[in-house]
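> Given the sequences, and given the hints that come with them, work out the whole structure.
Top to bottom, those sequences are chains A and B. Sequential numbering of the first sequence, starting at 0, is according to numbering that gives the first Met the number 0. Sequential numbering of the second sequence, starting at 0, is according to numbering that gives the first Met the number 0.
Some hints here could point you the wrong way.
As the list claims (entries may be wrong) - From chain A, some residues computed to sit far from chain B (all C-beta separations above 12 Å): (1) Val-176; (2) Ala-195; (3) Ala-200; (4) Ile-278.
To be verified - No farther apart than 20 Å at their CA atoms in a straight line, the calculated lysine to any residue pairs in the SDA-like style are these: (5) B:Lys-235 to B:Ser-225; (6) A:Lys-102 to B:Asn-21; (7) A:Lys-186 to B:Glu-7; (8) B:Lys-119 to A:Gly-147; (9) A:Lys-102 to B:Tyr-149; (10) A:Lys-186 to B:Lys-193; (11) B:Lys-144 to A:Ile-214; (12) B:Lys-119 to A:Met-153; (13) A:Lys-102 to B:Glu-66; (14) B:Lys-215 to B:Glu-197; (15) B:Lys-35 to B:Gly-226; (16) A:Lys-186 to B:Leu-129; (17) B:Lys-61 to B:Phe-246.
Since the hints were derived computationally from the structure, they do not count as laboratory data. Note that the Cβ used here is the ideal one computed from N, Cα and C, for glycine as well.
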Amino acid sequence: MDLLTGIFITPFAEMIGLPDLFFQALWDGFVSGTLYGLIALGFVLIFKASGVFNFAQPILVVLAALALISFYKMGVPAWISVVLVLIMFYALAWLIERLILRKLVNTDGNILFMSTVALSFIIIGAAQWIFGGRPSSMIHKELGFPVGSVEWPMFGGGVYFELLDISAAVVAVLLIVCLGLFFSRTKIGRGLRAVADDHQAALSVGISLNQIWVIVWFVAGVVALVTGIFWGARSDVSFALQIIGFKALPVLIIGGFTSVPGAIVGGLMIGIGEKMFEIYWGPLLGSGVEGWFAYFIALGFLLFKPQGLFGDKIIERV
Amino acid sequence: MFDEKSAETVLDVSNIEVVYNNIILVLRGVSLSVEKGGITALLGGNGAGKSTTLKSISNLLKSERGEVTKGSISYNGKNIKEFNPADMVKMGVIQVMEGRHCFEHLTVEENLLTGAYTRKINSSELKDSLELVYNYFPRLRERRKSLAGYTSGGEQQMCAIGRALMSTPETILLDEPSMGLAPQLVEEIFEIVKQLNEKENVSFLLAEQNTNVALKYAHKGYILESGRVVMDGPAKELRENPDVKEFYLGMSEEGRSSFKETRSYRRRKRWL
Numbered sequence: 000m001d002l003l004t005g006i007f008i009t010p011f012a013e014m015i016g017l018p019d020l021f022f023q024a025l026w027d028g029f030v031s032g033t034l035y036g037l038i039a040l041g042f043v044l045i046f047k048a049s050g051v052f053n054f055a056q057p058i059l060v061v062l063a064a065l066a067l068i069s070f071y072k073m074g075v076p077a078w079i080s081v082v083l084v085l086i087m088f089y090a091l092a093w094l095i096e097r098l099i100l101r102k103l104v105n106t107d108g109n110i111l112f113m114s115t116v117a118l119s120f121i122i123i124g125a126a127q128w129i130f131g132g133r134p135s136s137m138i139h140k141e142l143g144f145p146v147g148s149v150e151w152p153m154f155g156g157g158v159y160f161e162l163l164d165i166s167a168a169v170v171a172v173l174l175i176v177c178l179g180l181f182f183s184r185t186k187i188g189r190g191l192r193a194v195a196d197d198h199q200a201a202l203s204v205g206i207s208l209n210q211i212w213v214i215v216w217f218v219a220g221v222v223a224l225v226t227g228i229f230w231g232a233r234s235d236v237s238f239a240l241q242i243i244g245f246k247a248l249p250v251l252i253i254g255g256f257t258s259v260p261g262a263i264v265g266g267l268m269i270g271i272g273e274k275m276f277e278i279y280w281g282p283l284l285g286s287g288v289e290g291w292f293a294y295f296i297a298l299g300f301l302l303f304k305p306q307g308l309f310g311d312k313i314i315e316r317v
Numbered sequence: 000m001f002d003e004k005s006a007e008t009v010l011d012v013s014n015i016e017v018v019y020n021n022i023i024l025v026l027r028g029v030s031l032s033v034e035k036g037g038i039t040a041l042l043g044g045n046g047a048g049k050s051t052t053l054k055s056i057s058n059l060l061k062s063e064r065g066e067v068t069k070g071s072i073s074y075n076g077k078n079i080k081e082f083n084p085a086d087m088v089k090m091g092v093i094q095v096m097e098g099r100h101c102f103e104h105l106t107v108e109e110n111l112l113t114g115a116y117t118r119k120i121n122s123s124e125l126k127d128s129l130e131l132v133y134n135y136f137p138r139l140r141e142r143r144k145s146l147a148g149y150t151s152g153g154e155q156q157m158c159a160i161g162r163a164l165m166s167t168p169e170t171i172l173l174d175e176p177s178m179g180l181a182p183q184l185v186e187e188i189f190e191i192v193k194q195l196n197e198k199e200n201v202s203f204l205l206a207e208q209n210t211n212v213a214l215k216y217a218h219k220g221y222i223l224e225s226g227r228v229v230m231d232g233p234a235k236e237l238r239e240n241p242d243v244k245e246f247y248l249g250m251s252e253e254g255r256s257s258f259k260e261t262r263s264y265r266r267r268k269r270w271l
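Dropping the structure here:
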């Protein structure tokens, strides 16, 4: 009886009793959700265009953040550093296409996956060699993102909004809207989706796979940079940051591996869900719920809706 | 009307040999030519090398680990060896692959739009091209908003041909348009091919197993067997040829034969 009350009554009573705490949790969950969504987005882009689960995506996030900081420390102005990182990612995308993807066209998905595993270790090694491995702090202040927080009085209490979180959410939303338009409205976006559907057919109508792959890896790099800046700002930038990649997995399973909006909705579900669960149901199960909640939900999706909420419909003609 | 004698050759395949994965020899010296404004049929059974021939012309072969090891292919007098498929599309040669290969998760209209990928045109020209395709395939206009994966086999074939048409091709390499379609639909598709050939002046190289229909619409034909051209000539002559009649059209000299009689080949293939 106690257990049932603990599950079905107490949490909701608390939500109503302390609405400010509820909104604080909601906002915190929303922010980490958008950031999870961003990481997942990087995976989705590459998976869509080349059918590859890009194991190297989390390390791209670290690489972006490290490179950005290093350029700044060398004395390059902050925004010029951003441009330099973008140029670097374009070069990287080109190299990856030339040296890896081009040779492996039309091979099995597992072979491509393994090549991204190899790639991620090569990048780790190279990044450590070039940029060093010491944790350093992000240069978001120098980039002009506001710091500090505002308190918004609400229901007798107050909800704190970190200004940086607000900018993260705004930038993420902008990025997603732009990508959505890019995919659905532009010729290259259509080409990207065509390649995702059928490599051979895309080739046959004259879409250049090489060009598409360079573009998509570059766009994934841009997403990695944005993610790197905002995750880096919340904690230090070091190779440990790649752990967040594991959070992207359940997000992908929930949202679907091929859907841009899916990545975002999945991210928000995980972000908000795990915060709520931790605060209201956590005490019942012992703490640390945040760690496994996402995987628990993902498992449910795998069992009952394997393509995720927004994944490509599994088309079966009867 | 198409006149084979006076037409110029656009595509010339000369004695090509194709090897997959560096080891599997699929074509052993295939030569053929396609005339401007004509429909050329490439006939033969499963594994005869029809698709491979088409893919070596559109240069899709490389992405399947195949390679033209001997001989040469030239289009409008230019050797195509170094071109990639996109270059070929820009030159006016586009392949409609066997089994349609529509982009399942794109709508029919988006599928058509991808066909214009290599063209640098503005949106009004793009609209005109779409309009042209919809006029030939009114059914596609009705289904334009649905995902291609949910359309019927016939509609997918139309979608694939329409998509190719969007690139304003000079020559379409059409691989097995009849595959898996009801006889009535096959006729419908071939009628449209004929119209495109006559009105839009598109040349076709057509790989088909359905010899009967193909020879009805084609101007000339080649018969491929185990990677070799074993016979060629104007479609009319091929239709009358006793060997073709027996082995490809299922008729013996006394007319249609029963299964009992055709179980073993009575006539030796003269060309082997």
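> Confirm or reject each hint.
For each hint, the structure was consulted:
no.: 1; hint: Val-176; result: 20 Å, holds
no.: 2; hint: Ala-195; result: 8 Å, violated
no.: 3; hint: Ala-200; result: 4 Å, violated
no.: 4; hint: Ile-278; result: 39 Å, holds
no.: 5; hint: B:Lys-235 to B:Ser-225; result: 24 Å, violated
no.: 6; hint: A:Lys-102 to B:Asn-21; result: 15 Å, holds
no.: 7; hint: A:Lys-186 to B:Glu-7; result: 36 Å, violated
no.: 8; hint: B:Lys-119 to A:Gly-147; result: 50 Å, violated
no.: 9; hint: A:Lys-102 to B:Tyr-149; result: 33 Å, violated
no.: 10; hint: A:Lys-186 to B:Lys-193; result: 31 Å, violated
no.: 11; hint: B:Lys-144 to A:Ile-214; result: 27 Å, violated
no.: 12; hint: B:Lys-119 to A:Met-153; result: 56 Å, violated
no.: 13; hint: A:Lys-102 to B:Glu-66; result: 15 Å, holds
no.: 14; hint: B:Lys-215 to B:Glu-197; result: 15 Å, holds
no.: 15; hint: B:Lys-35 to B:Gly-226; result: 25 Å, violated
no.: 16; hint: A:Lys-186 to B:Leu-129; result: 15 Å, holds
no.: 17; hint: B:Lys-61 to B:Phe-246; result: 33 Å, violated
The structure fails hints 2, 3, 5, 7, 8, 9, 10, 11, 12, 15 and 17 (numbered hints given earlier, in ascending order).
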